[in-house]
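Trainee: Given next are the chains, with one letter for each unit.
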Amino acid sequence: MNDKPITGEKKVFMTGNEVVAWAALAAGAEVMFGYPITPQNEIMHYWTRLAPKYGRKFLQTEDELSAGFTLIGGVLAGKKAFTATAGPGNVLMQEPMSMAEAMRIPTVAVIQQRGGPSTATVIYSQQEVNLTCFGGNGEGLRVVYSTSSHQELFDYTIKAFNTAWKYRFPTFVLADGYQAKMRESLVIYDPFEKMEMVEPEPFVGKPGTPGVDRKPAHLRNAYSVEEELYEALSKDIADYEKAVPELVEHESFNTEESELLVIAHGVVYRSAAMAVKELAEEGRKVGYFRPITLRPFPQEQLKEAARKAKQILVVESAYGQLYRLVRENLYGADIPLKTMFMPGVGITPEEVREKCVALLDGKEA
Amino acid sequence: MVEILPKMPKSWNPESKPHKFCPGCGHGLVLKALGQAIDELGIQDRVVFGCDIGCSLLSWDFFNVDTVQTHHGRTTPVMVGIKRANPNLVVVAYMGDGGGYAIGSQHLVNAATRNEKITCILVNNTNYAMTGGQMAPTTMPGQKTETTPYGRDVEETGYPMLGPEMVAAITREGAYAARGSVAKFAQLKKYIKKALENQMAGRGFSFVEALSTCPTNWRTNAAQTWQFIEETMTKYFPLGEFKVPEGKED
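Quick note, the sequences are listed as chains A and B, same order. The first sequence lines up with residues 1 to 365 when you count with our numbering. The second sequence lines up with residues 1 to 250 when you count with our numbering.
Since the hints were made in silico from the structure, they are not lab data. Among these hints, one or two may not hold up.
[Claimed, not checked] Calculated lysine-lysine pairs in the PhoX-like style (CA-CA distance at most 20 Å, straight line):
#1 B:Lys10 / A:Lys215
#2 A:Lys4 / A:Lys53
#3 B:Lys184 / B:Lys32
#4 A:Lys215 / B:Lys17
#5 A:Lys285 / A:Lys308
#6 A:Lys4 / A:Lys194
The shape of chain A in the complex, shown without the other chains (with noise of 0.2 Å):
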């Protein structure tokens, strides 16, 4: 049995979902627990394929709340697990998530975003950024990445392993519907070769009798008194405050000349980027700013990038979720905020670049 699923780097053209399922692999994850949903049925499909000829596991569950937590207790047992899933399988998967989160088990899934409310659309949308940012019933000690071609999702597929595992917070990728499904080139590789990576270790079956070799290990979650979840979540939150600076990630560009700044992130950022560098070369003073962690979120570098805008479009596949990111981790500041809202609908770099100049030209307030 081959125990290395890439050697060295090669060059692929494939779809995301199977991007996805490689670069499992290649992160050495040992077991996918999962429910089928649309769009990221191929993500098993591919790692049913494959992972027998590595040594790896799969299980397909009775819906997504046992492939959560199922998916925990891979990790529990200390091994490198995920999970994928979307729109109302990521709706169930936000109970074992915020457990995942009280308890700081590591684990990694990847969210292909379909429209939203209810079934809505099997296709696409950018509609779950609440619901993974700050799912479940707690303060969203996660990490969420955005990504936007199929390159990133092989790179940060792997990282996700890394992070939860460095940091231990639940760690998600998110996509959508488009990247799942649309073919694009990449470059897939080995990352042990690359990087350094984090070796996943058992919370529980650690060698020796507990109570006799060693202390037994008592996970939980519940709490008798306010006081006693206060100081448990009080760490946990001072954790995730101290790691922010080496989490958070974003992209920018031409933003010391720009008087409008473009928001944007996901796939729709690439259309953005493609209508304000045509415009930046056109002369025109514009910029974009694009958030890669939407969880953390990279605020210090937002405020420095909007420093010179005059006004701030904020384009996106949803009616406000990362305006309400934006807004929030802009307080302060007294930029007028301009939307384009195309909920649970693809846009163009043409639709931004129409936007763009009505407001360049002042045509639109």
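Could you slot chain B onto chain A? The hints should help.
Mentor: Chain B in isolation, oriented as in the chain A frame:
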């Protein structure tokens, strides 16, 4: 010769004793049976104990074994994940009747169907005790609870759920399903031990329902409590083994 067992099983965590259950609660006896079974099988270093929400969560530090307290109804899938990731461990999913038969029933049904190599112990005390005594899937016909103040009306809410019978019906050869009672300790312990051995042998899904007492919510004195578990409950919930792997019959 009568063997004298220690008052407290070796696998118990003495630091969390006396335990946190109400006076007269049956959980302590079920966990004593489990503790003795762990001791006798010599598996304290291999057991991972998972407890649900409800009164069962009070057992989160009960044993000197690795323990995970999970969410309501979700102990079964967490234990499935642990067992699949490390088959050398012996996992126990410990839950109440609400966790196993209502909110987590899909996990019980599917874990049984997949013949997961885990042991489930489900405590049946005919009500949701931790939340103040509401109707459970196991509440007896006519039984008064906080949400059936005039008694459980079977026309409205159905009959009590028969768990081991269901598990026996949906599993294949290799599975184990039994119902014991804290009122028959030796038998209950035997069933729990067999359920652990069945998992250790890799034969299949192993399920034990334990009839248990809840004088706090039943509002019964000692004599009434004993009468309810021994006479009333066993009319609907017969004790015994419902599925036993070949060659493991008594």
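Trainee: Hint by hint, say whether it matches the structure.
Mentor: Tested hints:
| no. | hint | verdict |
| --- | --- | --- |
| 1 | B:Lys10 / A:Lys215 | holds (15 Å) |
| 2 | A:Lys4 / A:Lys53 | holds (10 Å) |
| 3 | B:Lys184 / B:Lys32 | holds (13 Å) |
| 4 | A:Lys215 / B:Lys17 | holds (17 Å) |
| 5 | A:Lys285 / A:Lys308 | holds (10 Å) |
| 6 | A:Lys4 / A:Lys194 | holds (14 Å) |
Figure legend: structure checked against the earlier numbered hints; every hint is met.
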